[in-house]
Amino acid sequence: QTQMCTVGCSCGLHYYWHFLWNVSLLCLFCLTMRSQAEDGASLHGSINPAGRCHYTFTVASPQESSCPGGDIKSEMDGVLSRLTLLEALVSQLLAGADGGTGSKGGEDVQKATAHVTGERNKLQQDNAYLTQQVRELQRRLEEQNREAESLKQKSCEQTQLPGGSQRDTRPVSDPVHDLANGSYQEMKAEVTEVPASQLILDGGHNATDCGDLLSVGDPVLHRKADSITGKYGVWLQDPEPRGPHYTKKTVWRIDAVGKDIRQLFAYEDLDQFSRGFPMKVVVLPEPLESTGATVYRSSLYYQRKRSRTLIRYDLDSESVASRSELPGAGFHGQYPYSWGGYTDIDLAVDEQGLWAIYSTSEANGAIVISRLDPDSLAVGKSWETTIRKNTVANAFMACGRLYTLASYTAANTVVNHVFDTATGVRRPVAVPFRNRYKYNSMLDYNYAHRKLYAWDNFHMVTYDVRLGPGSR
Numbered sequence: 001q002t003q004m005c006t007v008g009c010s011c012g013l014h015y016y017w018h019f020l021w022n023v024s025l026l027c028l029f030c031l032t033m034r035s036q037a038e039d040g041a042s043l044h045g046s047i048n049p050a051g052r053c054h055y056t057f058t059v060a061s062p063q064e065s066s067c068p069g070g071d072i073k074s075e076m077d078g079v080l081s082r083l084t085l086l087e088a089l090v091s092q093l094l095a096g097a098d099g100g101t102g103s104k105g106g107e108d109v110q111k112a113t114a115h116v117t118g119e120r121n122k123l124q125q126d127n128a129y130l131t132q133q134v135r136e137l138q139r140r141l142e143e144q145n146r147e148a149e150s151l152k153q154k155s156c157e158q159t160q161l162p163g164g165s166q167r168d169t170r171p172v173s174d175p176v177h178d179l180a181n182g183s184y185q186e187m188k189a190e191v192t193e194v195p196a197s198q199l200i201l202d203g204g205h206n207a208t209d210c211g212d213l214l215s216v217g218d219p220v221l222h223r224k225a226d227s228i229t230g231k232y233g234v235w236l237q238d239p240e241p242r243g244p245h246y247t248k249k250t251v252w253r254i255d256a257v258g259k260d261i262r263q264l265f266a267y268e269d270l271d272q273f274s275r276g277f278p279m280k281v282v283v284l285p286e287p288l289e290s291t292g293a294t295v296y297r298s299s300l301y302y303q304r305k306r307s308r309t310l311i312r313y314d315l316d317s318e319s320v321a322s323r324s325e326l327p328g329a330g331f332h333g334q335y336p337y338s339w340g341g342y343t344d345i346d347l348a349v350d351e352q353g354l355w356a357i358y359s360t361s362e363a364n365g366a367i368v369i370s371r372l373d374p375d376s377l378a379v380g381k382s383w384e385t386t387i388r389k390n391t392v393a394n395a396f397m398a399c400g401r402l403y404t405l406a407s408y409t410a411a412n413t414v415v416n417h418v419f420d421t422a423t424g425v426r427r428p429v430a431v432p433f434r435n436r437y438k439y440n441s442m443l444d445y446n447y448a449h450r451k452l453y454a455w456d457n458f459h460m461v462t463y464d465v466r467l468g469p470g471s472r
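Start counting the sequence shown at 1; every next residue gets the next number (the working numbering).
Note that these hints are calculated values from the structure, not bench results.
Among the hints, erroneous ones may be present.
[Stated by the list, open to error] Straight-line Cα separation of at most 27 Å, DSS-like style, residue types lysine-lysine; simulated pairs:
no.: 1; residue 1: Lys248; residue 2: Lys224
no.: 2; residue 1: Lys280; residue 2: Lys305
no.: 3; residue 1: Lys381; residue 2: Lys305
no.: 4; residue 1: Lys381; residue 2: Lys438
no.: 5; residue 1: Lys111; residue 2: Lys224
no.: 6; residue 1: Lys381; residue 2: Lys259
no.: 7; residue 1: Lys280; residue 2: Lys248
no.: 8; residue 1: Lys280; residue 2: Lys224
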């Protein structure tokens, strides 16, 4: 009698390695069976009708009862289970030995995992930063609320006497004291509603403060230019008019795009300016260069085109009052601000008078500040800074200090440098500043209105400024 061990496998190449392992294991099994048998074993292969390879192993059995019994079936089941396990192990080995596909997939997984981990870490850092900012804003809000409450209490303070009575702290000259003498005077109370935010902004500061720049408010739009000639220009108000024809309310405007800039527009006030109704158009006798002009004491101060000549034009007499060369000053694109525009010479006015902001070859492009005589335009004292003029977008003077703007196109930038002419020291600062229209070509300070005037990409805007206390 013989015991038959049969196994079937697909002839497909996909199962080639599985077949070799199965055949090897079955051969080992059958050889073992042969060592216990008296006769040899035979292997026969054929192809069945379904196209599959069919192999038959025949091993002689030593006992007749060994085939029909149930012991050999359980033994075969155990062998088959072990073969199934080995087949699974071989499949894993074959998958690992595949031609690089598996390793590439592993690299992709590793890259994806690293990317996700990096994004998670970045989000955690952003979350920590935002949490810190929220806490800082909450702290500042609490401080401002306490300051506002303190201002309210101060406005209602009265001196208390023992026993709960109140002592009148008004001067004897106050009309209210007439009531004590039997006379009568009608009293009128005027109440002005002031937003709490304004109380917080102005609390502890007044118009006489002339210290460091503390903050710059959001831009307020007054007018937008109608044509390409108003891409950039000059607009401002005279902080200290001297003549009979114009006041602090008068608005002056120059569109600075063109080959021959001579027109100076005058508006009665900001309302007429916003409406676009000039009350007068002055034609200058000589053309000006770029956006560095200013108005002070009823005169227009500007740089003559393609020269370092400064001109004082009297607005009352409408004539040139004086002219002078600015010694060594670069002009027509030699030392402009970072936005260009032939902004080599920038004239400015503050509480201390008239200034020129420029550079020279001796200064190697660093900003030079000179105080000018407002009548003769003669140079008084000069300061050479370490601020490269072509690295800043614009500049202005306030309380004898030079302030520079970091960018003319960034929507959110900063005032980044201050140079104090009293000490000759430059310091870095970071006062937030907004270029709402992203092309700021002019920036001037008006000490009478405590505002900055700017020309931002066709738009004429102002900024409220807050200065700290100072000795100036």
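Status of the hints after comparison with the structure:
For the suggested pair Lys248 and Lys224, the alpha carbons sit about 22 Å apart, so the restraint of at most 27 Å is met. Taking the CA atoms of Lys280 and Lys305, the gap is about 23 Å. The hint holds against a cut of 27 Å. Between Lys381 and Lys305 the alpha-carbon distance is near 25 Å, which keeps this suggested pair within the 27 Å criterion. Taking the CA atoms of Lys381 and Lys438, the gap is near 35 Å; set against the 27 Å cutoff, the hint is violated.
Distance check on the hinted pair: Lys111 and Lys224 sit about 52 Å apart at the alpha-carbon level, beyond 27 Å; violated. Taking the CA atoms of Lys381 and Lys259, the gap is about 33 Å. The hint is violated against a cut of 27 Å. For the given pair, Lys280 sits about 16 Å from Lys248 by alpha-carbon distance, which is consistent with the 27 Å threshold. Between Lys280 and Lys224, the direct Cα distance comes to roughly 19 Å. Compliance with the 27 Å bound is thereby established for this hinted pair.
When held up to the earlier numbered hints, the structure conflicts with 4, 5 and 6 and fits the remainder.
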